[in-house]
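Trainee: The primary structure of each chain is shown beneath.
There are 2 protein chains.
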Amino acid sequence: MNERSATQTAVSITQRWLQQNGSNLLHNYTQFLALPNHASDLPNIQRNADWLIEQFGQRGFAMQKLQIEGAPPIVYGEHLVAGATRTLCFYVHYDGQPVVPEEWAQDPFAATLYDATLEAGGKPISIPPAGEPINPEWRLYARAASDDKAPIMALLGAIDALQTANLPYTANIKLFFDGEEESGSPHIAQYLAAYAHLLDDITVWLLCDGAVYPTDDIAFKFGSRGVTGMQLTVYGATRALHSGHYGNWAPVPGQMLARLLTSMKAEDGTVLIDGFYDSTQPPSPFELAQIRQAPNIDGQLKQELGLAFTEGNGESLNERIMWPSLTIRGLASGAVGEKTSNVIPKTAVAELGFRLAKGNDPEQMLDLVEGHIRKEGWHIVYDEPDHETRLRYAKIVKVKRDPNGFPASKVAMDRPEIRSIIDGLKEFTNNQGVFLPSTGASNRIYGLIFNDLDKPGICVTMVNRDNNQHAANENVRLGNLWYGVELMSVLLTLVIARD
Amino acid sequence: MNERSATQTAVSITQRWLQQNGSNLLHNYTQFLALPNHASDLPNIQRNADWLIEQFGQRGFAMQKLQIEGAPPIVYGEHLVAGATRTLCFYVHYDGQPVVPEEWAQDPFAATLYDATLEAGGKPISIPPAGEPINPEWRLYARAASDDKAPIMALLGAIDALQTANLPYTANIKLFFDGEEESGSPHIAQYLAAYAHLLDDITVWLLCDGAVYPTDDIAFKFGSRGVTGMQLTVYGATRALHSGHYGNWAPVPGQMLARLLTSMKAEDGTVLIDGFYDSTQPPSPFELAQIRQAPNIDGQLKQELGLAFTEGNGESLNERIMWPSLTIRGLASGAVGEKTSNVIPKTAVAELGFRLAKGNDPEQMLDLVEGHIRKEGWHIVYDEPDHETRLRYAKIVKVKRDPNGFPASKVAMDRPEIRSIIDGLKEFTNNQGVFLPSTGASNRIYGLIFNDLDKPGICVTMVNRDNNQHAANENVRLGNLWYGVELMSVLLTLVIARD
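Heads up: the protein sequence lines correspond to chains A and B, in order. Residue numbers for the first sequence follow this note's numbering, so the first one is 34 and each next one is one higher. Residue numbers for the second sequence follow this note's numbering, so the first one is 34 and each next one is one higher.
Honestly, the hints are just simulated from the structure, not real lab data. Note that CB positions come from ideal geometry on N, CA and C, so glycine has one too. Among these hints, one or two may not hold up.
Per the computed footprint, the stretches of chain B lying under chain A, defined by three or more beta-carbons under 8 Å from a beta-carbon of chain A, are [claimed, not checked]:
(1) 77-89
(2) 121-133
(3) 179-189
(4) 269-279
(5) 378-391
(6) 445-458
(7) 505-512
Pair ranges (Cβ atoms, derived) [what the hints assert, rightly or not]:
(8) 374(B) with 97(A): 56 to 66 Å
(9) 417(A) with 230(B): 55 to 65 Å
(10) 465(A) with 307(B): 54 to 64 Å
Pairs of lysine-lysine residues, derived as DSSO-like cross-links and limited to a Cα-Cα distance of at most 30 Å, are as follows [as the list claims (entries may be wrong)]:
(11) 431(A) with 488(B)
(12) 335(B) with 335(A)
(13) 335(A) with 379(B)
(14) 488(A) with 431(B)
(15) 335(B) with 431(A)
(16) 335(A) with 428(B)
(17) 408(A) with 335(B)
(18) 372(B) with 335(A)
(19) 428(A) with 335(B)
(20) 372(A) with 98(B)
(21) 459(B) with 372(A)
(22) 433(A) with 433(B)
(23) 433(A) with 408(B)
(24) 428(B) with 408(A)
(25) 372(A) with 379(B)
(26) 428(A) with 459(B)
(27) 335(B) with 379(A)
(28) 431(B) with 335(A)
(29) 372(A) with 372(B)
(30) 379(A) with 98(B)
(31) 379(A) with 379(B)
(32) 372(B) with 428(A)
(33) 379(A) with 433(B)
(34) 372(A) with 433(A)
(35) 156(B) with 372(A)
(36) 379(B) with 431(A)
(37) 431(A) with 408(B)
(38) 379(A) with 459(B)
(39) 372(A) with 488(B)
Bound-form chain A, shown alone (with noise of 0.2 Å):
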């Protein structure tokens, strides 16, 4: 039996499963979905660690909870394969978002079905008997029904299909499941390190958390930006001036950091300060090819956002996000509307956010920034300026740095696992899905495996784009859930290249 055959005979396998066990799938779901999950509801989410362990326990998996004082528990399992030479680990968070449950057309922890969206109308109904058609339209309404229970639940019921064909995994099965990541997983480091003798032996890790790709692709990341921040304060007098009596003679300080912030970033968006730019991994050849690939999604979004205009002279939002971005995310001076008086204020304030590629050091970058600054003619401090210093400088700004930035975290789709594994997806979504080098956004836990256990990972998508992840009416479409399904049971059963 062949690669390609592997990825049809597990399709088929279970698609013919979900025809026969969706509804028990569903009503299982539904009693996974009862459990409230706040990471700071430490019972309940003991109650949702102890239903994994023994949901999975009866699959075969050798389930334990790693326990760390005080947080809630990593749920981890394990099922060795007799002559496996690699070892996936699956990730999921099995903690949600707070509720506000009058904001809900429900109980958030009653699960319900409905046959449409509530926005299209959509009405309560059961969830039918065994083997009755299901419609993929459906949506299952409860907390955590997408974000992010959905690919354990997808994983649960790849188990069973794979389990009645008696189709055995290609790989030995790890899983590592998350109870505190939409409160910033404060103690993923800590469980991490601690238990790494439990890891060492990952040949890939499956990030498994997200929406499907605007065109509703099922798309797979293969890193995050990286992030960090800096403030800027501006000095102008010692205190705010009457604007008819100092006006035209006392120094502005928002016309002063208008010019700073406009010297760093051309009109086009290309980003002014020296080197900021150059330590950036550029994608590989391969990885162009799979950005160029993914269907292009400018259009599309410029309609919804209202955008005449982007920045990089029409380059596509898939290939600026492989470079690092600086976006200016908030200005304050004075006052503004019906606050606002005639003053020149004492100071100006910008909060610079950027993103960071592959290779961008968030110190190094953030000292290229002080260099522009200095470049310009302007004497930074980083405390608030005395007299003597004010009487000094001109021109002089307070640099906050954001103390907690990280790095980007990127795996080389390249490597031969990964490229494997990228094959098998390519088969099971007819060269539908979308493959891209980084998402834009930034996340801590990717640095942890990518950077710090130096072990590769692939970012899975599942779930519906609009599925109200962390606000009220959170929901899963029942065509993306059973999607889902599906492509658990292709990782399972992938052959995975040698490193």
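Keeping the supplied structure of chain A fixed, place chain B upon it in accordance with the hints.
Mentor: Quick look at chain B alone, frame taken from chain A:
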């Protein structure tokens, strides 16, 4: 008796009178200051008006209340001099700022004499018996003690001093006391129009309000700048965007706004908007000479305000306020500080403030700004842009023009009747007085008199700068009050040239 000796005579008579009667003046002032005088407190405002009518009536003035229903009255008076061909009118306001009693060291309406400022540890003292020496450094604390009952009290003192010596006024004298200046004089235009017949024959208005020059020299000004404003709102996407998913592709409103603002002004402070300076009537050679004779306070101000740089390549503040200014009084986009987040905000807003010099029309100036914005490639809207507009134009800015702008008002200092008063005042001040064509601030009343009534006027200052005007513990330095009495004697006895 020539003009020169008239001034000397008035001063010496007044000084002698103050030695004998300064104590009585303070007792009388204490009674005036005991009357609460916020414009909204109409019963007390009427008590102030009654007191004024009684006091000036006793001194031979024909007094009346000019009354518009529901508004504080104008206290109007006149003292006609047989054969006089000129008429001086004293504008003063008898209302005061509101008080927050708990912030005061005393009851704000129980005027209290201190032997020094509170800041210097001043202690309450009794008003000394008549004829006892009075220290010019003593302070009288009470609401409105400086702003603006002081010129009224100085005028009463001068009237008494001249009466003692039987020294006649050289012009008809009119009084026009405003009862709602601190509330923006909402009825003054109506009063001036309704009672124009009483004001037609006025040769020169003396607008008595405000503190002396920063060098503590008494200052006279002959106009004020106009004022207007414009709010700019720059648009990015229709919603705030995730700075990771969209950063380096989506337009950044703060960045776009910074570029627009930077295009408006050079680093040295020169406004780059075409025609911005063209309509300004520059100061005449005489006016420029007065400006240059005034002590240069730039060094002192820069030291006080912590400034190493000022706009205008070292040109003095007094010269700079002869020209229109553009300042940024407010900037806002997203959030700064604790509330900042990793978004690309959907808008950025700037509040532009303009001060206008003589000759600048507020609407035309804003037209020039709009012209500049268009020249920079922006599409201007006056309401929230619709989706179609957003999709059509790369750079969209919403302009909101200040509907309440008004032009500068300035009296030519070279006019003969003004020039003759200046000459007298220069003699009085031993050439230490400061004579400036305009204050940098904007005063609607000046405009009503100088522009609408087409009457010349002089802005007369006398009170100490540290008078805590508009704040708690307002006070007047007795040296300034005494000097004010002398000044009023001089003004009442000046020989004024023909227009």
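Trainee: It remains to establish, for every hint, whether it holds in the given structure.
Mentor: The hints, checked one at a time:
no. : hint                           : result
1   : 77-89                          : violated (count 0)
2   : 121-133                        : violated (count 0)
3   : 179-189                        : violated (count 0)
4   : 269-279                        : holds (count 10)
5   : 378-391                        : holds (count 7)
6   : 445-458                        : violated (count 0)
7   : 505-512                        : violated (count 0)
8   : 374(B) with 97(A): 56 to 66 Å  : violated (37 Å)
9   : 417(A) with 230(B): 55 to 65 Å : holds (59 Å)
10  : 465(A) with 307(B): 54 to 64 Å : holds (55 Å)
11  : 431(A) with 488(B)             : violated (50 Å)
12  : 335(B) with 335(A)             : violated (49 Å)
13  : 335(A) with 379(B)             : holds (14 Å)
14  : 488(A) with 431(B)             : violated (50 Å)
15  : 335(B) with 431(A)             : holds (20 Å)
16  : 335(A) with 428(B)             : holds (14 Å)
17  : 408(A) with 335(B)             : holds (25 Å)
18  : 372(B) with 335(A)             : holds (28 Å)
19  : 428(A) with 335(B)             : holds (14 Å)
20  : 372(A) with 98(B)              : violated (36 Å)
21  : 459(B) with 372(A)             : violated (43 Å)
22  : 433(A) with 433(B)             : violated (34 Å)
23  : 433(A) with 408(B)             : violated (36 Å)
24  : 428(B) with 408(A)             : holds (29 Å)
25  : 372(A) with 379(B)             : holds (21 Å)
26  : 428(A) with 459(B)             : violated (41 Å)
27  : 335(B) with 379(A)             : holds (14 Å)
28  : 431(B) with 335(A)             : holds (20 Å)
29  : 372(A) with 372(B)             : holds (19 Å)
30  : 379(A) with 98(B)              : violated (44 Å)
31  : 379(A) with 379(B)             : holds (26 Å)
32  : 372(B) with 428(A)             : holds (26 Å)
33  : 379(A) with 433(B)             : holds (24 Å)
34  : 372(A) with 433(A)             : holds (27 Å)
35  : 156(B) with 372(A)             : violated (39 Å)
36  : 379(B) with 431(A)             : holds (26 Å)
37  : 431(A) with 408(B)             : violated (34 Å)
38  : 379(A) with 459(B)             : violated (37 Å)
39  : 372(A) with 488(B)             : violated (35 Å)
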